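So the chains spell out like this:
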Amino acid sequence: MRVWLITTVLLKPLHFVQNRIDAWVMARVRRQSGPITVARGRVYILPTRFGYAFALMLLAMLLGAMNYSNSMAFLLTFLLAGLGLVCMHHTHANLVNIQLRAGSCAPVFAGDIAHFEVRIDNPSAHPRYALALSWPKAEKQAITADVPARGSITLVLSLPTQHRGWLPAGVFSVSTEYPLGLFHAWTWAELDMRCLVFPRPAPGGIVPPATVGTNGLASGERSGQDEFAGLRSYRRGDAPRSIHWKSFPKLTHPVVKQFAETLEQELWLDWVALPWLDTEARLSQLTRWVLDAEAAQRSYGLRLPGRVIAPGRGDAHRIECLRALALYEDAQP
Amino acid sequence: MNEYLPLATLLRLLAVLTLTLAPHVGHLPPWVSALIAGLIVWRGLTAYRQWRMPGTMVKIALALLAFVGVLVHFDGRLGGQNAGTTLLCVMTALKLLEFKGRRDVMVLIFLMYFMLLTHFLFSQEMWTVAYLFVCVLAVTAVLIECQHRGALSPRITLRKGGIMVLQALPLMVLLFVLFPRIPGPLWGLPEDSAAARSGLPDQMAPGDISRLIESDEVAFRVEFHGPVPPPSARYWRGPVFDHFDGRAWRDSVPTFASGLSSRLELLGEPVSYAIMLESQRGRWLFALDMPAARSLPDDAFIGREGQLLARKPVTERRRYELTSYMQYRLAPELDEHARKRYLRLPPDFNPRTRTLAATLRTHYTDDEALVTAVLRMFHEQPFVYTLRPPPLGRHSVDEFLFDTRRGFCEHYAGAFSFLMRAAGIPARVVTGYQGGQHNVFGDYYVVRQSDAHAWAEVWIENRGWVRVDPTAAVSPQRIEQSIEAALDAAEGLPGHLAARTRLRFYLEARWEWLNGRWNALVLSYGPELQQRFLERLGLDDLRDTILALTVLGTSILAFMGVLTLRQFAPEPVRDAALREWQRLTRRLARAGLPQRPGEGPRDYAARVAAVHPEWAQAIHHITQLYVRMRYLDDPDPAGQNALVDAVRAFKPRSARRRSWIRS
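These protein sequence lines map, in sequence, to chains A and B. For the first sequence, full-length UniProt numbering assigns the number 1 to the initial residue and increments by one for each residue that follows. For the second sequence, full-length UniProt numbering assigns the number 1 to the initial residue and increments by one for each residue that follows.
A few of these clues could be false.
[Unchecked claim] To be clear about the criterion: a stretch of chain B counts as covered by chain A if any three or more of its residues have a C-beta under 8 angstroms from a C-beta of chain A, and this derived list gives those stretches: (1) 134–143; (2) 326–336; (3) 551–564; (4) 616–625.
No wet-lab data here; the hints were simulated from the structure. These numbers come from a predicted model, not from an experiment. Just so it is clear, CB atoms sit at the ideal spot from N, CA and C, and this is done for glycine as well.
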């Protein structure tokens, strides 16, 4: 370990120093819930490789001017030197005083890509050009945009997900090289953003057991909200409300309106129905069943150890189930 | 930022490239100009029509061909300034062939900045400053655009670039004045550097001086501190030639080998003056005949034949002060060895002139009488002073004296010296400048290359070397007025010598004066002038200078930084009620309850009150006041004051801290 460290220091001293500084700064980035105003002291700035090349070019020009004792060449060299120095302020200022806010983040399934929205506000009367948003150390994949004066823009950070549960966005960086590309100014921020990651749906194949619900066979009382499925002959015990009165005079015996809900059993997606799988696989399978049931427009309930979600249907219900699956045995609320 | 270039950006880049390359057309070989123009047009069309970029082999082949072409054109000498510039231009244009990513764009733009420098090797006139700023602004604007994904309007980039260039100006001036200068050159100048473009030739053959007349370049400017000698006395001595090879007059030994060994007696009243010498070829410093040794600059000495020389080549403009004596005796005694040297003539040339000299000798035993007789011959016989003399053959002096009789000053000076030597009088040819034009604005005299002149010196017993100007015998106007007065206008004078109107004369004098100031203050600002200037400021040591440079530079830069930051500062909130509300939300945000985007004041207040019931009353009170103030048509100072008081009294952080202490 020590040998490796010494080798790194010797071979890539700048790289090493940079990494140490980055680690030091990163450890001090605080997660903030509210809008983060990028303060002057929070903007770091270093020359880019083009900045170094520019400096080298200026040196060559200075030597040329000295050799030829050429006043105009001196003027040009010094003007460009001044331009480079002034550029440092402009690059730095391009980032100062912007405000960062967390936007929404739609839940995704594990393995998909989470999209964190970050809103950048520009409270100044001067537009900001070419701001880049990226994860640290991944500036190459940054997305860039301009923020108009007194305006705002929403950018999206994407992060591949692997595990279910809450995925915190973590530290990201806002950077800029505008206007001349000679300097790279950046700031690190951590907004209180997290993405809910549902378990990865199992591939399917296992059919949910036809568990009988607590309510047993359906009664006509639910008919109001369910779909009409057909007519059948009256049996003793059917509620008078479910009799199809319109057809009563034409037929010899009464018929009863039949609704889809009442035809089928309620589906109970139960943790205990999959004893041969481990926790994650069970959650995946349950997720698959939730999605399938929703697709088949069936009413379903979810039974997890310590949590029971009554049968139901619709987006809100589905999300409640998936959320329960995602956060199963998860410490976070 | 962006890895490909939008079409609009590319076209602008090509336009700016054309702008930076354009002034070079004058000194580039025509085929190179054509190649560069072709490459630029081709690159534009490629982007426009979406042609394919050439393959690697094509690129390498083209680059090699261009390189070999330049090599052949300059006979394999690439060290020179012209060859170097040509190569740089070609390589910059060839960069367009492999021009995809951001790196290539940046390299090209840096090359464009560098290209600007090469212009100043050719010209440093005043207008080049305007060119410098226009080009730097244009290149910077393109550089800005290339940092942006997608094209940016030139209005934006030029504005941004303009602001930055303006902010860089004070730094430029500061660095120009204070950055420590060292005497150049660092590694030697190429042979064809602009510093050595014009000036008196190293030898004098017929036609050498008249070629200089075509140039209106300034050789030097003179300021007299006191009475000004008349034009006929203003002979500025330059190279002196003591050896005639049948065609040209030249130096028999290297000029710079030795100093003046013979005696020089200075007589009469001194004339003191300052000379502002333009950079020129060789080591000549010019002086009125004859300068006093004690008044010479430190690095100058008087050469063997009375010329004023610098110890190192004069590659920069320089200013020096001198005192001269118009009356003098130079070398009253001439030793036998020197006498022989000044009488030597090539044996097989100009037989008719030799005969003439022998005839004259028999008539005049006295040297001075013989000189006068020859001058009378020039004056009385039909000799013509002309810029366009007919060409001469092998016996050039014979043909000139007996056949053509038309010549410029070098013909007269050369023929006269030949005749004197043939008659046994030691003689030599002196070249330099004669006269000079007065500038009314600056009260100084301008001596141009077109004032170049050649005359003769003969050695007379007891008097030493005596100046004899045969041109004065032929055309007195040349000496007493100026060259344009002496030449016939029908000869097709160079433009700068043609007759001019009063207004034009006035404007030219004004322009010349401006140029003189420019040269004196900016272009000649080198180690010497800097030292003198800084001493006047009280910065007489390098450490002080560097300290001043650092302090002032940092202050200016910090000032620019503050200006820039202010541009990007949040706009102050004009609405007084909103300002109070924002004060409240900031405090609540610090306490962990920021207002969400899109959340109205009432909803926000309700949410805060739900979390912190102990603040509910204050929050609702403030919200009520704020909403009333915000949406009230008429201003209500009392309500505003109530809002200010309420916000001031509300201290969520201290409340939290108290609760923390209690727990």
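Evaluated hints:
no.	hint	result
1	134–143	holds (count 3)
2	326–336	violated (count 0)
3	551–564	holds (count 4)
4	616–625	violated (count 0)
When each numbered hint is compared with the structure, violations occur for hints 2 and 4.
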